[in-house]
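Turn these sequences into a full structure, and let the hints steer you where they fit.
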Amino acid sequence: MSPTTLYRGHEGMWMWVVHRVTGVAIFFFLLVHVLDTSLVRVSPEAYNEVIGSYKTPLYGLVEAGLVAAILLHAFNGIRIIAVDRSTWALRHQRQLVWAVWIAFAVLMVPFLWRHLGHVFGGA
Amino acid sequence: MTAQSPTRPPRVPSGRTRHNAEKWSWVFMRVTGPVLLVLILTHLFINLMTGDGISQIDFAFVAGKWASPLWQVWDLVMLVLALLHGGNGMRLLVNDYAQRPWLRKVLHGALGVAVIGIIVLGSLVIFTFDACPVDADPSLLPSFCEDVR
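These protein sequence lines are chains A and F, in that order.
Numbering of the first sequence is given in our numbering, commencing with residue 1 and proceeding in unit increments.
Numbering of the second sequence is given in our numbering, commencing with residue 1001 and proceeding in unit increments.
To be clear, the hints were calculated from the coordinates, so they are not data collected in a lab.
Quick caveat, the model's predicted, so the values are computed rather than measured.
Among the clues, some could well be false.
[Said to hold, decoys possible] A short, non-exhaustive set of chain A residues, derived as facing chain F with CB atoms under 8 Å:
| id | residue |
| --- | --- |
| 1 | VAL21 |
| 2 | VAL24 |
| 3 | LEU31 |
| 4 | VAL40 |
| 5 | ARG41 |
| 6 | LYS55 |
| 7 | ILE70 |
| 8 | HIS115 |
| 9 | VAL119 |
[Claimed, not checked] Far from chain F, some chain A residues (derived; all Cβ distances over 12 Å):
| id | residue |
| --- | --- |
| 10 | TRP88 |
| 11 | TRP98 |
| 12 | ALA105 |
Glycine included, C-beta positions come from ideal geometry on N, C-alpha and C.
In structure tokens:
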């Protein structure tokens, strides 16, 4: 609990919270996602009906949140590995938190543009 | 705290044991993480960014993908690694937050059943999938089913 800890109350601690919250969200989505995909073994009609509900605006926004969770968890995971493995990354761990959010934004903007266009544009 | 016998690994406050198994769990997360990044971001890109994105996803789309062994293997590896990575992560959260031994046991059990059950279900779906079921509406099937009939 020394004042020089990397974690407590600093960016690293918040990213630790982000990693846990996004991980849990992705895990529960994964269970549901395998179940909905399994409907292809029931009938084309059953699968299309359930997937059809994923194309509604409400689910479209939930999917956007899910993609956001996956991107954050993925990039932050890379940051954790880098900080553990390289002293350069350890020294620059604060900047790497920014790098995670910048990489997240760079992929999220074109994704939202396209995905929300499909969901709300009725394409 | 009573003195620990030399064969028992020391306990950390979260209740995790510093055992060799925990080291392998850590290595597993480090190795599967970057692999899952590539598998899942590609999966999301193909399904949500190319073509008509979410609007294109239906039975015929899935059938078209699984006609290729590449996507069958891709989805199988993604299924297994994602559930083991996610299940192991959830196990660590249970260790951190579920303090009562009975609750921990129940949650670990439920987690194991869910992870194994979903891996078995998903694998069966990928390998027993029928792209052209005989009793289905032909308009919902992939175009290559016309040649099969």
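Tell me if LEU31 (chain A) is really an interface residue toward chain F, meaning its C-beta lies closer than 8 Å to one of theirs.
holds, 6 Å
Does VAL119 (chain A) pass the interface check with chain F, least Cβ-Cβ distance below 8 Å?
holds, 6 Å
Would the hint on ILE70 (chain A) stand, with a C-beta cut-off of 8 Å toward chain F?
holds, 6 Å
Would you settle whether the hint for VAL40 (chain A) is holds or violated, based on the nearest Cβ-Cβ distance to chain F being less than 8 Å?
holds, 5 Å
Min Cβ distance, VAL24 (chain A) to chain F: is it shorter than 8 Å?
holds, 7 Å
Given hint ARG41 (chain A) near chain F, where the shortest CB pair must fall under 8 Å:
holds, 5 Å
TRP98 (chain A) remote from chain F - nearest C-beta pair above 12 Å
holds, 19 Å
Satisfaction of the HIS115 (chain A) interface hint, Cβ to chain F closer than 8 Å
At 6 Å from the nearest chain F Cβ, HIS115 (chain A) passes the 8 Å test, so the hint holds.
Quick one, is the VAL21 (chain A) hint okay against chain F at 8 Å, beta carbons?
Cβ of VAL21 (chain A) sits 10 Å from chain F, so the hint is violated.
Taking the shortest Cβ-to-Cβ distance between ALA105 (chain A) and chain F, state whether it exceeds 12 Å.
Holds, since 15 Å exceeds 12 Å.
Hint check, LYS55 (chain A) versus chain F [nearest Cβ-Cβ separation less than 8 Å]
Because about 6 Å separates LYS55 (chain A) from the closest Cβ in chain F, which is inside the 8 Å limit, the hint holds.
Beyond 12 Å from every Cβ of chain F: is that where the Cβ of TRP88 (chain A) lies?
The claim stands: TRP88 (chain A) keeps its Cβ more than 12 Å from every Cβ of chain F (closest is about 18 Å).
The structure does not agree with numbered hint 1 stated previously, though it agrees with all others.
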